[in-house]
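Visitor: Read in order, the letters of the sequence shown correspond to residues -14 to 214 in our numbering.
No lab work stands behind these hints, which were simulated from the structure alone. Bear in mind the structure is a predicted one, so any value in this text is a computation, not a measurement. For every residue, glycine included, the Cβ atom is placed at its ideal position computed from N, Cα and C. Among the clues, some could well be false.
[Claimed, not checked] Restraint ranges, calculated between C-beta atoms of paired labels, are given here:
id : residue 1 : residue 2 : range
1  : A26       : E52       : 39 to 45 Å
2  : G39       : V201      : 49 to 55 Å
3  : L90       : G160      : 21 to 27 Å
4  : G106      : R81       : 25 to 31 Å
5  : Y76       : L9        : 30 to 36 Å
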Amino acid sequence: MTLRFWERMEFSVLLAGIIVAGGLWGFVELTEVARDTATHAFDTEILLFFREAGRPNDPIGPLWMEEAVRDVTALGSMIVLVMVTAVTIFYLLLVRRWRSALLVLVTVGGGQILSSVLKLGIDRPRPDLVSHLAQVQTLSFPSGHAMMAAVTYLTLGTMLAGIVPGRATKIYVLGVAVLVTLMVGVSRLYLGVHWPSDVLAGWCAGFAWAMLCWLVARRLLRRGEPERS
-14 MTLRFWERME FSVLLAGIIV AGGLWGFVEL TEVARDTATH AFDTEILLFF REAGRPNDPI
46 GPLWMEEAVR DVTALGSMIV LVMVTAVTIF YLLLVRRWRS ALLVLVTVGG GQILSSVLKL
106 GIDRPRPDLV SHLAQVQTLS FPSGHAMMAA VTYLTLGTML AGIVPGRATK IYVLGVAVLV
166 TLMVGVSRLY LGVHWPSDVL AGWCAGFAWA MLCWLVARRL LRRGEPERS
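Take these sequences, add in the hints, and give me the full structure.
Guide: Structure below.
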């Protein structure tokens, strides 16, 4: 029983390491796309896929879909993520899980700083191929919504998966975290405020950062006493 438990733990570490390496590699490759002066075909084709043929200002689908997508994209907005993070940290402090609270704060806060630095470093403008269906003020690459949704929901999902019973429940929790992250990213494409490469880069950076923080925290926590709930 103990051997099987450690085998699963080591597999999770290997998987997290693969995610970090793959995310970093993907982000570097997409950075070259963002810095290219010519727009890549897959960026334009995917963006136009969400618009009516020959009408770049009209999104596909019924009228109510546009408002529904705005609701979905709000799950990756700054205000929603700050609220989710704050509620989680306060709960962890109430149950005296100090290190877990610090992990959430460092991961999400550090992810936001990293996202802002990357935007300034790449300095890519928003797409002008289609009309914007949401107000935007920041630079385009990487997608902050996609990146911070990945950082926040994957971090919380990983923590929750560590305490819920049963493999199926753990898979469900992580699956929901990944699904919400993907939905937020796709919503940015539907609204026309990001190139597809922006969203892919946001996912790559977000998943890599979340898993890197988890690996570091796991290493540090194993050196100390387990937290009392």
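Visitor: A range of 25 to 31 Å was offered for this pair. Does it hold for the Cβ distance of G106 and R81?
Guide: 39 Å, violated
Visitor: Measuring from beta carbon to beta carbon, are A26 and E52 in 39 to 45 Å?
Guide: The hint (39 to 45 Å, Cβ to Cβ) is violated, given that A26 and E52 are roughly 31 Å apart.
Visitor: Between the beta carbons of L90 and G160, is the distance compatible with 21 to 27 Å?
Guide: 25 Å, holds
Visitor: Within 49 to 55 Å or not, the Cβ separation of G39 and V201?
Guide: Hint holds: Cβ distance 50 Å, inside 49 to 55 Å.
Visitor: Taking 30 to 36 Å as the hint, is the beta-carbon distance of Y76 and L9 inside that range?
Guide: Roughly 32 Å apart at Cβ, these two residues keep to the hinted range, so it holds.
In the structure shown, a violation is registered for the earlier hints numbered 1 and 4, in ascending order.
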